[in-house]
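Undergrad: Listed here are the chains, written in short residue letters.
2 protein chains.
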Amino acid sequence: MKALQVGLAGFGTVGAGVAQILLEEAAWVERRTGMPLRLRCIADLDLERDRGLCLEGVALTRDAHSLCRDPQIHVLIELIGGVEPARTLVLEALANGKHVITANKALLAAHGGEIFQAAASAGVHVGFEASVGGGVPILRCIREGLAADRIVSMAGIINGTANYILSAMEEKGLDFPECLREAQAKGYAEADPSLDIEGQDTAHKLAILVALAHGVQIRPEQIFTEGIQHITGRDIRYARELGYCIKLLAICVARGQELAVRVHPTMIPCQHMLAKVNQAFNAVYVTGVHSGPVMFYGQGAGRMPTAAAVAGDLVDLGRSIGSGCTRRPHPLGFYQDIQPRPALRSTEDLVTNYYLRFPVADQPGVLARIAGVLGAHEISIHSVIQQGRRGRGPVHVIILTHEALERNVQAALREINPLEVMRSPALLVRIEHAVD
Amino acid sequence: MKALQVGLAGFGTVGAGVAQILLEEAAWVERRTGMPLRLRCIADLDLERDRGLCLEGVALTRDAHSLCRDPQIHVLIELIGGVEPARTLVLEALANGKHVITANKALLAAHGGEIFQAAASAGVHVGFEASVGGGVPILRCIREGLAADRIVSMAGIINGTANYILSAMEEKGLDFPECLREAQAKGYAEADPSLDIEGQDTAHKLAILVALAHGVQIRPEQIFTEGIQHITGRDIRYARELGYCIKLLAICVARGQELAVRVHPTMIPCQHMLAKVNQAFNAVYVTGVHSGPVMFYGQGAGRMPTAAAVAGDLVDLGRSIGSGCTRRPHPLGFYQDIQPRPALRSTEDLVTNYYLRFPVADQPGVLARIAGVLGAHEISIHSVIQQGRRGRGPVHVIILTHEALERNVQAALREINPLEVMRSPALLVRIEHAVD
Numbered sequence: 149m150k151a152l153q154v155g156l157a158g159f160g161t162v163g164a165g166v167a168q169i170l171l172e173e174a175a176w177v178e179r180r181t182g183m184p185l186r187l188r189c190i191a192d193l194d195l196e197r198d199r200g201l202c203l204e205g206v207a208l209t210r211d212a213h214s215l216c217r218d219p220q221i222h223v224l225i226e227l228i229g230g231v232e233p234a235r236t237l238v239l240e241a242l243a244n245g246k247h248v249i250t251a252n253k254a255l256l257a258a259h260g261g262e263i264f265q266a267a268a269s270a271g272v273h274v275g276f277e278a279s280v281g282g283g284v285p286i287l288r289c290i291r292e293g294l295a296a297d298r299i300v301s302m303a304g305i306i307n308g309t310a311n312y313i314l315s316a317m318e319e320k321g322l323d324f325p326e327c328l329r330e331a332q333a334k335g336y337a338e339a340d341p342s343l344d345i346e347g348q349d350t351a352h353k354l355a356i357l358v359a360l361a362h363g364v365q366i367r368p369e370q371i372f373t374e375g376i377q378h379i380t381g382r383d384i385r386y387a388r389e390l391g392y393c394i395k396l397l398a399i400c401v402a403r404g405q406e407l408a409v410r411v412h413p414t415m416i417p418c419q420h421m422l423a424k425v426n427q428a429f430n431a432v433y434v435t436g437v438h439s440g441p442v443m444f445y446g447q448g449a450g451r452m453p454t455a456a457a458v459a460g461d462l463v464d465l466g467r468s469i470g471s472g473c474t475r476r477p478h479p480l481g482f483y484q485d486i487q488p489r490p491a492l493r494s495t496e497d498l499v500t501n502y503y504l505r506f507p508v509a510d511q512p513g514v515l516a517r518i519a520g521v522l523g524a525h526e527i528s529i530h531s532v533i534q535q536g537r538r539g540r541g542p543v544h545v546i547i548l549t550h551e552a553l554e555r556n557v558q559a560a561l562r563e564i565n566p567l568e569v570m571r572s573p574a575l576l577v578r579i580e581h582a583v584d
Numbered sequence: 149m150k151a152l153q154v155g156l157a158g159f160g161t162v163g164a165g166v167a168q169i170l171l172e173e174a175a176w177v178e179r180r181t182g183m184p185l186r187l188r189c190i191a192d193l194d195l196e197r198d199r200g201l202c203l204e205g206v207a208l209t210r211d212a213h214s215l216c217r218d219p220q221i222h223v224l225i226e227l228i229g230g231v232e233p234a235r236t237l238v239l240e241a242l243a244n245g246k247h248v249i250t251a252n253k254a255l256l257a258a259h260g261g262e263i264f265q266a267a268a269s270a271g272v273h274v275g276f277e278a279s280v281g282g283g284v285p286i287l288r289c290i291r292e293g294l295a296a297d298r299i300v301s302m303a304g305i306i307n308g309t310a311n312y313i314l315s316a317m318e319e320k321g322l323d324f325p326e327c328l329r330e331a332q333a334k335g336y337a338e339a340d341p342s343l344d345i346e347g348q349d350t351a352h353k354l355a356i357l358v359a360l361a362h363g364v365q366i367r368p369e370q371i372f373t374e375g376i377q378h379i380t381g382r383d384i385r386y387a388r389e390l391g392y393c394i395k396l397l398a399i400c401v402a403r404g405q406e407l408a409v410r411v412h413p414t415m416i417p418c419q420h421m422l423a424k425v426n427q428a429f430n431a432v433y434v435t436g437v438h439s440g441p442v443m444f445y446g447q448g449a450g451r452m453p454t455a456a457a458v459a460g461d462l463v464d465l466g467r468s469i470g471s472g473c474t475r476r477p478h479p480l481g482f483y484q485d486i487q488p489r490p491a492l493r494s495t496e497d498l499v500t501n502y503y504l505r506f507p508v509a510d511q512p513g514v515l516a517r518i519a520g521v522l523g524a525h526e527i528s529i530h531s532v533i534q535q536g537r538r539g540r541g542p543v544h545v546i547i548l549t550h551e552a553l554e555r556n557v558q559a560a561l562r563e564i565n566p567l568e569v570m571r572s573p574a575l576l577v578r579i580e581h582a583v584d
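Protein chains in written order, with our numbering: chain A, 149 to 584; chain B, 149 to 584.
Extracted from the complex, chain A is given alone in its bound form (with noise of 0.2 Å):
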């Protein structure tokens, strides 16, 4: 092969960043990769604004299809995102016998086990560097570099726009609505943060992670995922005060068969290095039982960032290519007994300590109250904080538990909060021992 000949379906933020890559560094690309990657056609359905890029020798066209169906072309990037049609494309585009590389977490977490099938069908390549981490090279760490390692823990901080509300509310004391206005201000957040603040898209990249780690394939829906919309300012300031920072992290813990999988604010303690990744940036913190932990730090998202980890998948895919190799490697680099259902444990028999706070009615004898429920339920208190009265608004009584089991802790909560002094829902906490 001369050239690798490269198909770009979707030009928007990052595969204009990629077609910059390819276009204006296509000399120090080349030198990095044995051969010369010629973009070679660009499919988008808006292909009239302008990307500031020189487009000189580069077809264009509405039709994503007609790059699988081009002989010419050998690998075609997906970055439409979502499940339709990227899913159809990439397909098509395998079956077609191109090697694919997608920034599609989505796609992927719901259909990789499709996909890549297919690819291996096909004796193609699939590339998703870019798909968790943006430009942390976080999966080839954990498919190539802790290969020979058993992984015991994952967890990471894998969604910017919820590390930067949550970093800015405890940067700027304030609350969860203004840090996610600031957010969309500056481009951190979009519109519709539902995605990126309820957790989904962090379970989405989970997903990818466990397969990665574990060899299995678990559905996004199997993962259990809450966000961080209601978190409170006042929660980082109680949390800060007993020594922990909140951070939405994406939890695996192997147990035996099992693995825990969960989405969840976390409290962990201020001095932990997960707690020093700050604003839009992510990291995985992971732990094999050989290696002890190791950190992947760095930009998550962004345009330049997630292209650089397209751009490297590809030179990836040329130097294997120019040392002949006629079969691909497993994307998730396990090459028996990929197990379609793996055990996964109930986060209801997690044991840890919990943060709770109840937003309770200012008279007596609630205290009281909450504790002969919690004790009722085998939950014994660690610490408590109780707010001095203030204004008309509720009073907030904070309790810090010992050890308890998450299905007491639910069936408690069932209890107290249809109580008549409790002003609204309490709020729950978990503190994550798996980072330890």
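Take these hints with a grain of salt, some might be off.
Because identical chains share one entry, a pair is satisfied inside a single copy or across any pair of copies.
Unchecked claim - Below 25 Å or equal to it, Euclidean Cα-Cα: the simulated SDA-like pairs (lysine to any residue) are:
1) Lys320 <-> Pro417
2) Lys150 <-> Leu171
3) Lys320 <-> His544
4) Lys150 <-> Arg298
5) Lys320 <-> Gln419
6) Lys320 <-> Phe482
7) Lys424 <-> His581
8) Lys150 <-> Arg493
Just so you know, the hints here were simulated from the structure itself, not pulled from any lab data.
Knowing the structure of chain A, use the given hints to seat chain B on it.
TA: Using the frame of chain A, we list chain B on its own:
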């Protein structure tokens, strides 16, 4: 190929760890590789010592060269360390068509070019992930993950012994000799710690990082190198007062075609990610044009983290052979223009802020005298800490400079050090902006 046959030269701490993974976790490693990895033969001068492993079916020999001649062996793992006889052994293995995996940073720093050339001629693979950063897949991240990016700067904490000592000085408020003794007692420092504390080990690893990031081979003796042996508990305390930590950093900054490459104790802001890297942990903070800052963190040494990195290289090699590769990707990931003689910028041309500590006689007029010399060399003062009088010893004048040229600072110190008021030579610590 039905199985990858492995010969292991060097059955010390890491060698025994590699043997443990290959023997006790064979099924897992096979699942990750796509073929079995068979430990065929171990060579070491000491075959009597019990390593707590069942070596049934593994041949043992005192003659490492016999591994190079064994036609059954596909890959030699070199864990002897040091330049010779490791160099001769590795070249013999390559000449005989064996792949080589090594953790030997001293060898690669001094003879990497020769070894990579020999591997290319023989069409075999050289894996060396374990040579820098132990269990942290730093090299793979630079060569593959960031392959499409251009690296602007790197700042690494890549010697666990030096970092352990500096962390202990910081945490316990003790001086260098006590912390060195503690590190030796705990096994973090060797009986002769000079390679670690004087910075040469860091320089060896930096030469490898520079080769991977920029495709150039530099010799360790071309790297400006200062150790940590002159840093006192007092310096750590003053640094902290000024908002800084002191770390032994390996630094490479690219500007145009020039590289500034140096190893020295460095003051970095306390809130920087690298400042949180304590104990024997390692981290490399890499800034790419597109990716922005990326950091890799973990255990940089120790039996099992290093063994897992060696075994990871074996898995990688097995996957590549299983994919039918007939040629090998370049070990540095640069396919053209490896520059044999890169342009190195002299540390004399560095412009940065300096921390200067002057141990002086307790008498009037000293500060004026020192400030006068600094001023005459165009060094302007940002702030001064002057210690109050205390007993008979020298007092210490601490000066933080504005940005100044290293050449001027060195000239000023050459003039100040012989002054009769100086009780011992001034100490200089550079403040690093490359990590910002």
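Undergrad: Which numbered hints turn out to be false for this structure?
TA: Structure breaks hints 6 and 8.
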